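2 protein chains.
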Amino acid sequence: METLFDRHRATLEAALAAARDRGFWSAYPEVPSGKIYGETAKDEGLQAYEARLNRPFSLPRHPATGSVGAEVSPYGPALGISYPANGAETLVAASLEAAPAWAAATPEARAGICIEILSRLNRMSFEMANAVMHTTGQAFAMAFQAGGPHAQDRGLEAVAYAYAEMTRAPKSAVWSKPQGKAEPIVLEKHWRVVPRGVSLIIGCQTFPTWNSYPGFFASLATGNTVIVKPHPGAILPLALTVVVARAVLEEQGYSADVVLLAADRAEAPITAALVVHPAVRIVDYTGSNAFGAWVRANAGDAQVYTEEAGVNSIVIAATDDFKGMCANVAFSLSLYSGQMCTSPQNIYVPRGGIDTNEGHKSFNEVAGGVAAAIDELLADPARAAGVCGAIANPATLARVEVARGLGRIMRDSETLAGLDGARSATPLIVAVDGASSEVQNEERFGPITFVIAVESGKEGIAKASMLARHKGAITAALYATDETLIEEAADAFASAGVNLSVNLTGNIFVNQSAAFSDFHVTGGNPAGNASLTDTAFVANRFRLAMWRRPKTGK
Amino acid sequence: METLFDRHRATLEAALAAARDRGFWSAYPEVPSGKIYGETAKDEGLQAYEARLNRPFSLPRHPATGSVGAEVSPYGPALGISYPANGAETLVAASLEAAPAWAAATPEARAGICIEILSRLNRMSFEMANAVMHTTGQAFAMAFQAGGPHAQDRGLEAVAYAYAEMTRAPKSAVWSKPQGKAEPIVLEKHWRVVPRGVSLIIGCQTFPTWNSYPGFFASLATGNTVIVKPHPGAILPLALTVVVARAVLEEQGYSADVVLLAADRAEAPITAALVVHPAVRIVDYTGSNAFGAWVRANAGDAQVYTEEAGVNSIVIAATDDFKGMCANVAFSLSLYSGQMCTSPQNIYVPRGGIDTNEGHKSFNEVAGGVAAAIDELLADPARAAGVCGAIANPATLARVEVARGLGRIMRDSETLAGLDGARSATPLIVAVDGASSEVQNEERFGPITFVIAVESGKEGIAKASMLARHKGAITAALYATDETLIEEAADAFASAGVNLSVNLTGNIFVNQSAAFSDFHVTGGNPAGNASLTDTAFVANRFRLAMWRRPKTGK
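From first to last, the protein sequence lines are chains A and B. Heads up: the first sequence begins at 1 in the UniProt record's numbering, then just goes up one per residue. Heads up: the second sequence begins at 1 in the UniProt record's numbering, then just goes up one per residue.
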């Protein structure tokens with residue numbers, strides 16, 4: 001009989017090769033095309049999404065001591081979905097009950113199940129796109145890609161790393177120690193993978209699947225049971241994930257409770273009770289630095305992997321493609337209205353301007369060039385809506401309002417004409433002087449950009465990398481024509497633990513982080529202590545235990 | 001010019017292969033033989049050791065704001081050596097000063113330097129043996145092996161794992177993303193290893209080199225600077241290590257302060273100030289659970305790797321070699337007077353006795369058989385001294401005194417006739433009943449063994465594995481003839497995170513853990529959160545940082 005491992009072996013092997021080579025590779029097509037996903041897939045996905053609205057979400061055999069759910073689409077309507085609710089103790093008890101059989105499964109069995117889950121999620125990508133769109137505010141195309149195939153690729157990447165690590169040591173070996181002229185001492189040794197225990201995944205609102213799948217699949221593949229704690233505003237995408245995972249687990253003879261949903265309400269969160277629970281041995285967290293610090297301090301001896309926040313910067317020292325640069329930066333600032341963990345916030349520009357292919361450009365001309373490129377990008381309302389999407393959280397609008405008063409407005413934020421009833425905001429650009437202003441030195445999440453006057457590109461690099469070191473940063477970008485300066489920037493940002501993109505123009509952006517090639521977050525500054533996905537992200541989710549004895553009958 | 005990496009490449013490659021295969025392999029011969037180390041090596045080692053006594057230890061160019069040192073040999077004499085003393089701030093400042101150049105060295109350069117250090121330490125193994133003997137109390141042969149070649153093998157193992165992990169991702173890659181009929185997007189990407197920062201190694205008294213070398217070399221190889229904090233009673237072995245490391249570093253053009261010694265006195269420890277220092281980003285700790293818990297709770301966001309303590313058990317359910325079993329257990333209990341982290345403390349024996357090749361043996365006959373085997377092993381005073389060595393810490397003798405009153409004495413502890421002026425104690429064996437006694441359920445470090453009456457081998461396995469889960473354990477042993485019971489034990493001890501040895505007789509012991517084959521400690525119970533050496537032990541000592549840009553001129 002074909003096992004799930006057999007079925008998905010080629011995918012796993014391709015993923016392992018891609019992770020080694022770090023070139024472009026993807027298992028799940030990012031284009032929302034009928035030719036790939038089926039001509040009826042888009043309509044069916046919408047129907048499936050709509051069928052979930054205004055009723056209890058069906059999670060067969062899931063524990064429930066109550067129900068919760070108050071999701072409201074950033075595009076307007078309430079979702080009206082309720083989910084099973086449980087206290088931390090109920091969830092942990094159910095998780096522990098399901099644990100021994102899952103821990104005893106082979107790495108192959110677990111990898112096969114994980115990839116089957118991903119494969120089914122891939123087929124549901126249009127339904128997931130609607131779910132992600134109406135919880136995060138992402139535009140449809142982005143919700144499809146980031147919530148669907150890109151998240152699935154990140155999940156597969158974690159499975160591949162987990163599988164590689166679980167199988168790095170042999171399952172058994174013969175140890176034969178010479179004893180001079182006497183017979184050698186010969187032992188047979190056997191190793192097995194022992195998972196840590198219950199794994200808690202704490203999701204965020206803006207990228208509920210993309211940021212959760214690496215931890216989810218890394219923990220699941222290594223034999224841990226998983227409790228998924230979604231953001232109260234973005235439960236549906238993870239509930240869909242949980243229902244698929246539970247179905248595959250049950251079909252394969254495991255308890256569905258290997259994967260549990262910990263839905264809660266913002267006013268009565270259960271996250272803290274789960275984090276401090278002694279049976280919770282792994283915590284994956286995406287969210288603010290403030291709660292991240294609490295998680296790190298209070299998770300006890302659990303392994304904690306975080307993606308928190310930081311201040312991402314662009315340094316503009318020179319360019320030989322001024323229009324291309326402005327268009328590229330404009331898109332990076334506009335995409336999902338700056339609500340990506342990779343969105344730039346600070347743009348450092350020399351006070352005296354820069355050299356370009358269009359001649360010298362003053363500070364104001366550079367800032368104005370970016371502002372004009374945003375205006376052009378967002379001129380068509382439908383396209384603007386497709387780039388910016390909606391604003392996930394009302395607090396973001398309040399931050400935009402505050403930021404208006406922090407400097408000289410170079411481009412004001414506006415609501416999107418094409419999005420009736422939605423919460424929306426286009427990029428705000430505020431100019432400040434780096435010699436006197438401090439307002440740019442903290443994270444202001446959302447469509448808020450500071451263009452900061454500095455002495456030189458060199459000073460911009462120094463300020464941006466120093467800020468990354470102290471406040472965290474996930475991305476940095478540089479526009480420069482001097483190779484020495486590029487090398488200095490590569491050194492400075494590497495020391496600060498930031499990945500750097502240089503001279504991006506055209507259809508590739510600093511915000512983008514590709515599975516199997518880009519390690520997302522370095523783990524080397526306050527923006528997060530982990531990287532998606534490297535060996536360190538998986539190697540400590542399980543331990544190896546050995547038994548040995550004298551080998552007889554060689 | 002031959003680099004150190006060239007010189008040691010074959011050793012590194014052999015180590016990498018051995019770590020993959022997990023069979024027997026060793027780079028540094030364990031036999032203290034003149035044929036291997038030179039006919040004059042033993043005498044010269046003793047002379048070199050004696051030349052260190054009663055004077056300041058020479059550490060050229062090492063910071064010093066004072067001096068400390070009050071080591072007293074467990075064999076009697078004070079060493080009279082003083083070492084440079086510094087506050088935490090001085091050490092951290094010097095370490096940070098040395099850091100950038102070391103961080104910028106290639107993985108190859110660092111691996112070459114690390115293996116050169118190990119190679120020179122190997123040539124000093126006789127001097128090291130004397131240093132280890134007179135700080136730990138180990139007998140000479142053990143001090144040579146555990147303090148010298150075995151520790152060096154563990155260090156090399158860490159270098160190999162670190163090198164494998166630093167070179168797992170390519171240094172650069174080309175990422176080419178298809179764009180339908182348009183030209184692909186092509187980026188060049190470059191990655192580099194970024195160390196975490198200052199690494200603190202906290203050594204223990206009983207195995208100052210063996211337990212410190214894995215963390216020391218893992219951190220050094222991955223580009224971190226290292227501050228070595230020895231136990232105040234066992235400074236010399238690590239001071240010798242530091243002096244060798246500093247010499248190699250300077251010869252290769254790096255600051256000697258990449259490696260620093262943090263000697264202190266028991267009455268004025270500086271460990272806590274180093275642990276909480278924000279620049280200290282990695283802590284390797286070997287020692288008690290009590291201080292280990294403090295380190296884990298107070299190291300902030302530093303990576304913490306610990307080997308703490310636990311209660312190791314033997315379960316005797318049956319044997320087809322009663323004499324061989326008793327002799328093997330006797331040696332395990334006697335070796336270094338039970339002062340190994342791998343020494344067994346508890347022996348579970350069925351109340352109704354066991355089946356053996358010599359017929360049925362009662363509980364008393366089993367306990368008596370082990371006691372008699374110890375008496376036989378230690379009958380010759382010179383051999384007894386060579387097996388037991390001396391007692392490192394006076395507190396151990398006090399624990400033996402307390403343990404005498406905790407049950408029925410089956411074999412009393414005695415001083416060693418062959419060791420005049422030394423602190424010594426042979427194994428104490430106390431019988432208790434598992435149904436009523438609790439005294440065996442905590443660690444009582446030293447030559448203290450409880451033989452515990454239980455219902456059956458099965459119950460012994462349950463009790464021993466439960467104890468391991470809650471109090472920690474590094475080793476477990478089982479004597480059994482029933483394959484089903486052996487499988488059950490393998491499951492139970494694996495779940496509890498303990499490595500299990502089954503039916504050992506002859507010249508191989510549960511206490512022994514061989515580099516490149518045995519993963520020492522699983523990290524899966526309270527006896528330690530790390531394993532020596534697996535991928536998890538090295539992968540998070542550095543991070544990868546990338547820079548990327550459009551690829552031109554394909």
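It is possible that part of the hints are untrue.
The list treats identical chains as interchangeable, and a pair is accepted whether it falls inside one copy or across any two copies.
To be verified - Below, simulated SDA-like cross-link-like pairs (lysine to any residue); rule was C-alpha separation at most 25 Å, straight line:
hint : residue 1 : residue 2
1    : Lys323    : Ser456
2    : Lys463    : Asn364
3    : Lys171    : Ala17
4    : Lys181    : Phe331
5    : Lys463    : Ile185
6    : Lys181    : Ser26
7    : Lys471    : Asn298
These are calculated hints, taken from the structure and not from any lab test. Keep in mind that this is a model prediction, so the values were computed, not measured.
Hint check:
| no. | hint | verdict |
| --- | --- | --- |
| 1 | Lys323 with Ser456 | within (21 Å within a copy, 81 Å between copies) |
| 2 | Lys463 with Asn364 | within (20 Å within a copy, 75 Å between copies) |
| 3 | Lys171 with Ala17 | both (22 Å within a copy, 16 Å between copies) |
| 4 | Lys181 with Phe331 | between (74 Å within a copy, 23 Å between copies) |
| 5 | Lys463 with Ile185 | neither (62 Å within a copy, 30 Å between copies) |
| 6 | Lys181 with Ser26 | between (57 Å within a copy, 18 Å between copies) |
| 7 | Lys471 with Asn298 | both (21 Å within a copy, 21 Å between copies) |
Hint violations for this structure: number 5 only, all remaining hints satisfied.
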